[in-house]
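Asks: Here's the letter readout for the chains.
Protein chains: 2
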Amino acid sequence: MRRTSRDIRTANRYGVLRQIIARSPVSRQDLAAATGLSLATVATLVGELLALGLLTEVGFEESAGGRPRGLVGVDAGGATLVGVDVAETRVHVELFDLALNVLDRADEELRPGESAPEEVADHIARAVRAVTGRTRDGGQEAAAVPGSPGPPGAPERSGRGDGRPVLGAGVSVPGQVDREGGVSVHAPRWDWHDVPLLRLLSERLPDHPLHLDNPLRACTVAELWSGAARGHGDAVVVSLGTGVGAGLALGGALHRGATDSAGAWGHTTLALDGRPCHCGNRGCVETYVGAPGIVRHLRDLAPGSPLFRPGDQSATLAALARAARDGDPVALAVIRETARFLGAGIADLVHLVNPEIIVVSGWVARLLGEELLTAVREVVARRAPARPLAGTEIVLSTIPTNPVALGAATFALERHLSDAGAAAAAERRRGGARPAATPRAPRP
Amino acid sequence: MRRTSRDIRTANRYGVLRQIIARSPVSRQDLAAATGLSLATVATLVGELLALGLLTEVGFEESAGGRPRGLVGVDAGGATLVGVDVAETRVHVELFDLALNVLDRADEELRPGESAPEEVADHIARAVRAVTGRTRDGGQEAAAVPGSPGPPGAPERSGRGDGRPVLGAGVSVPGQVDREGGVSVHAPRWDWHDVPLLRLLSERLPDHPLHLDNPLRACTVAELWSGAARGHGDAVVVSLGTGVGAGLALGGALHRGATDSAGAWGHTTLALDGRPCHCGNRGCVETYVGAPGIVRHLRDLAPGSPLFRPGDQSATLAALARAARDGDPVALAVIRETARFLGAGIADLVHLVNPEIIVVSGWVARLLGEELLTAVREVVARRAPARPLAGTEIVLSTIPTNPVALGAATFALERHLSDAGAAAAAERRRGGARPAATPRAPRP
Ligand SMILES: [Zn+2]
Ligand SMILES: [Zn+2]
Numbered sequence: 001m002r003r004t005s006r007d008i009r010t011a012n013r014y015g016v017l018r019q020i021i022a023r024s025p026v027s028r029q030d031l032a033a034a035t036g037l038s039l040a041t042v043a044t045l046v047g048e049l050l051a052l053g054l055l056t057e058v059g060f061e062e063s064a065g066g067r068p069r070g071l072v073g074v075d076a077g078g079a080t081l082v083g084v085d086v087a088e089t090r091v092h093v094e095l096f097d098l099a100l101n102v103l104d105r106a107d108e109e110l111r112p113g114e115s116a117p118e119e120v121a122d123h124i125a126r127a128v129r130a131v132t133g134r135t136r137d138g139g140q141e142a143a144a145v146p147g148s149p150g151p152p153g154a155p156e157r158s159g160r161g162d163g164r165p166v167l168g169a170g171v172s173v174p175g176q177v178d179r180e181g182g183v184s185v186h187a188p189r190w191d192w193h194d195v196p197l198l199r200l201l202s203e204r205l206p207d208h209p210l211h212l213d214n215p216l217r218a219c220t221v222a223e224l225w226s227g228a229a230r231g232h233g234d235a236v237v238v239s240l241g242t243g244v245g246a247g248l249a250l251g252g253a254l255h256r257g258a259t260d261s262a263g264a265w266g267h268t269t270l271a272l273d274g275r276p277c278h279c280g281n282r283g284c285v286e287t288y289v290g291a292p293g294i295v296r297h298l299r300d301l302a303p304g305s306p307l308f309r310p311g312d313q314s315a316t317l318a319a320l321a322r323a324a325r326d327g328d329p330v331a332l333a334v335i336r337e338t339a340r341f342l343g344a345g346i347a348d349l350v351h352l353v354n355p356e357i358i359v360v361s362g363w364v365a366r367l368l369g370e371e372l373l374t375a376v377r378e379v380v381a382r383r384a385p386a387r388p389l390a391g392t393e394i395v396l397s398t399i400p401t402n403p404v405a406l407g408a409a410t411f412a413l414e415r416h417l418s419d420a421g422a423a424a425a426a427e428r429r430r431g432g433a434r435p436a437a438t439p440r441a442p443r444p
Numbered sequence: 001m002r003r004t005s006r007d008i009r010t011a012n013r014y015g016v017l018r019q020i021i022a023r024s025p026v027s028r029q030d031l032a033a034a035t036g037l038s039l040a041t042v043a044t045l046v047g048e049l050l051a052l053g054l055l056t057e058v059g060f061e062e063s064a065g066g067r068p069r070g071l072v073g074v075d076a077g078g079a080t081l082v083g084v085d086v087a088e089t090r091v092h093v094e095l096f097d098l099a100l101n102v103l104d105r106a107d108e109e110l111r112p113g114e115s116a117p118e119e120v121a122d123h124i125a126r127a128v129r130a131v132t133g134r135t136r137d138g139g140q141e142a143a144a145v146p147g148s149p150g151p152p153g154a155p156e157r158s159g160r161g162d163g164r165p166v167l168g169a170g171v172s173v174p175g176q177v178d179r180e181g182g183v184s185v186h187a188p189r190w191d192w193h194d195v196p197l198l199r200l201l202s203e204r205l206p207d208h209p210l211h212l213d214n215p216l217r218a219c220t221v222a223e224l225w226s227g228a229a230r231g232h233g234d235a236v237v238v239s240l241g242t243g244v245g246a247g248l249a250l251g252g253a254l255h256r257g258a259t260d261s262a263g264a265w266g267h268t269t270l271a272l273d274g275r276p277c278h279c280g281n282r283g284c285v286e287t288y289v290g291a292p293g294i295v296r297h298l299r300d301l302a303p304g305s306p307l308f309r310p311g312d313q314s315a316t317l318a319a320l321a322r323a324a325r326d327g328d329p330v331a332l333a334v335i336r337e338t339a340r341f342l343g344a345g346i347a348d349l350v351h352l353v354n355p356e357i358i359v360v361s362g363w364v365a366r367l368l369g370e371e372l373l374t375a376v377r378e379v380v381a382r383r384a385p386a387r388p389l390a391g392t393e394i395v396l397s398t399i400p401t402n403p404v405a406l407g408a409a410t411f412a413l414e415r416h417l418s419d420a421g422a423a424a425a426a427e428r429r430r431g432g433a434r435p436a437a438t439p440r441a442p443r444p
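Residue numbers (the working numbering), protein chains in the order written: chain A, 1 to 444; chain B, 1 to 444.
Careful, some of the hints might be misleading.
Covered by chain A, per the in silico footprint, the following chain B stretches (three or more residues, Cβ under 8 Å) [what the hints assert, rightly or not]:
#, region
1, 254–266
2, 389–395
3, 408–422
Since the hints were derived computationally from the structure, they do not count as laboratory data. Computed from a prediction, not measured in an experiment: that's the story for all the values here. Each residue gets a CB set at the ideal place from its N, CA and C atoms; glycine is no exception.
Looking at chain A on its own, in the form it has when it is part of the complex:
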């Protein structure tokens, strides 16, 4: 969509907070240098973030020949954020401080057959309450807050771990998601069509704002705020798992597309009339570089290989990764064959998008690691011309924790910042001289 001056103000607020998270504590002068914004703009944005309670003043540093410079840092002891990664067989929830450090985790298993929207929503709500209803050192429950008793029958927990307010919770669910409407448009694994998941969750978790999105976009914003894409203008985040996608982070922001469906790289065609894909087409990227595609390379190259773990795709890939690291020729051949397709697909992204960096993430990338990346870089170097390629780094994700939960929490943080920006703009229109804190400001 068209960008407005409010978009750019929100984007600047994101950019400044990203740099503060990366460099905390930091002076306004260093932030101006890191973001390319003027000192006056940085000072205004820092003032807004201080008023929102996201930052604190943390002292002074001496500056050469000048007066001491004030330092600001993220208020890591202040509010919290929740990130939810709903996968096919379990719900994983993490609680974050405002510097996006993990404070707590909880899991709920989804048993086979437990696929009714209400059942999944119950599991999500229980896992979220588990992290928001206990302190950082575990166990102790916060007192219930009057007026927010939670759904009938649920344990009386407050939605405020350790008395610290929760700014919001982001929830990632697989498949097609209508973010604005809070609807799971299609989740093939559970045969969901147009499930109003956000409404089901709001009934169960009425205490804080909730946001719905999908794993690909969550991984992409996680890299943008906390990973290898931070500070880069144009980045592509290639996500390799059972499914495959490529999130586009252009001009420092997620590119969503006209119907919020950009990034479906897994179903772009790499070999017209090639392997059949579950989407109905043939030769999609995903059929060659997704986990089932890699297992098929193994089957094609070494049908009776002892690396197979029948019925367990991730164990097979783990065995493959170990064998490749030990120099096993079959495992190395499978990695070369995977890299032949993945390198061609990544070269296509270099040709079309010409990004500064391509970050390869997802559990398959984490398993196969540098063995796969080294082979991919060689293929890309053979296929892409020198000029675009010279501008593009290809790296593994360096996020050590669950990137989907991190990204989901990041969406909650972004939404808080953008709502706060809208409130500040409304305040300015009403004649207030300075942007003020929003109704959701975390100051108690």
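Assemble the complex: chain A is given as a structure, and chain B with the ligands must be docked to it using the hints.
Replies: The following block gives chain B with the ligands in isolation, referenced to the frame of chain A:
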């Protein structure tokens, strides 16, 4: 690259001027509605454009129950712009008014063997002088301006057609271009490597600012300012000629990428291990949907077809287009085969970029027209899922003139606006209350 608040001010200036060109004459109120900007922002930007001499006040319209609204329009009788399309066998130059209407044209033939950079630069300079040195009704030459005599030996023309100042000239050359450095990095047809074309042209045309870029990007900005992409947030301009590309116009601006090479869609892989491509890879999109690829479909399907015009690819395609319109089964089969590949490639763009509109342009698209587009839309509808596709229109370019020359002139206009913005910002920093006209302002 990261966007700054100056970028957004420049983008807003572009957006407002685009709408004025489309709607001239128009009120500030209607501009605010069309651009989504506030009336105050529109009034400021219109003030800047008036000060730059790009607009004029053209009267008033009655408004329901209010005071009459002032109307502004492009100052079509004011300054001019030059667009240069350097193709393989000829240089085509057009002179435009500020509403991007063509005022005049000139051509220079490039004879086989005439490929030395100085020779090509001479032809370009001669064709530019032909349109800037005569009036709209042809023939009459403007008086030479003292101090700008042109290069030695050249006819004494002023660079100011009809006494109207030339704001700038944009030059499109095929191949890889380093826009900032003004260098043709690689032009395969002439075997050019790192030719400093802008310097050669500045020596010959010292009177106005010159800008270098390539045909794909020129076509893309032409669609964005004057074609089907205008007013759309995210658009892709697919260009079909001997070569093939896909310009990305995202958020209302051209996406250039890290090394200014985004859009090389012609060399993304559609059929791994497929037809060999001149880039050294196999199965590139271009080998199936570029002009030589389409001729090859004809040869594969009907080796002895009377549609062949030996040695003349464009005559063959013209014959093919006529035959298809007459229902010739061979021609229709060639179009279906082309659409099978082009539809798969366009479906890939829908998957990855999810644009609001895909504009198909270039001389091959102009020849094959709706026959090709109808077949392509059917293939895309079979391949892309309903959700992203529902958001994407696929249309033929509606630009009736040479889009490359138009786009090249548009680059000159954009550069003038962005230089003017930088000058206005410097003025504000020096304490001037209002943005002032730049040294290049077209007022005599
Ligand atoms: Zn597919
Ligand atoms: Zn190629």
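Asks: Does the structure break any of the earlier hints, and which numbers would those be?
Replies: Those not satisfied come down to hint 3.
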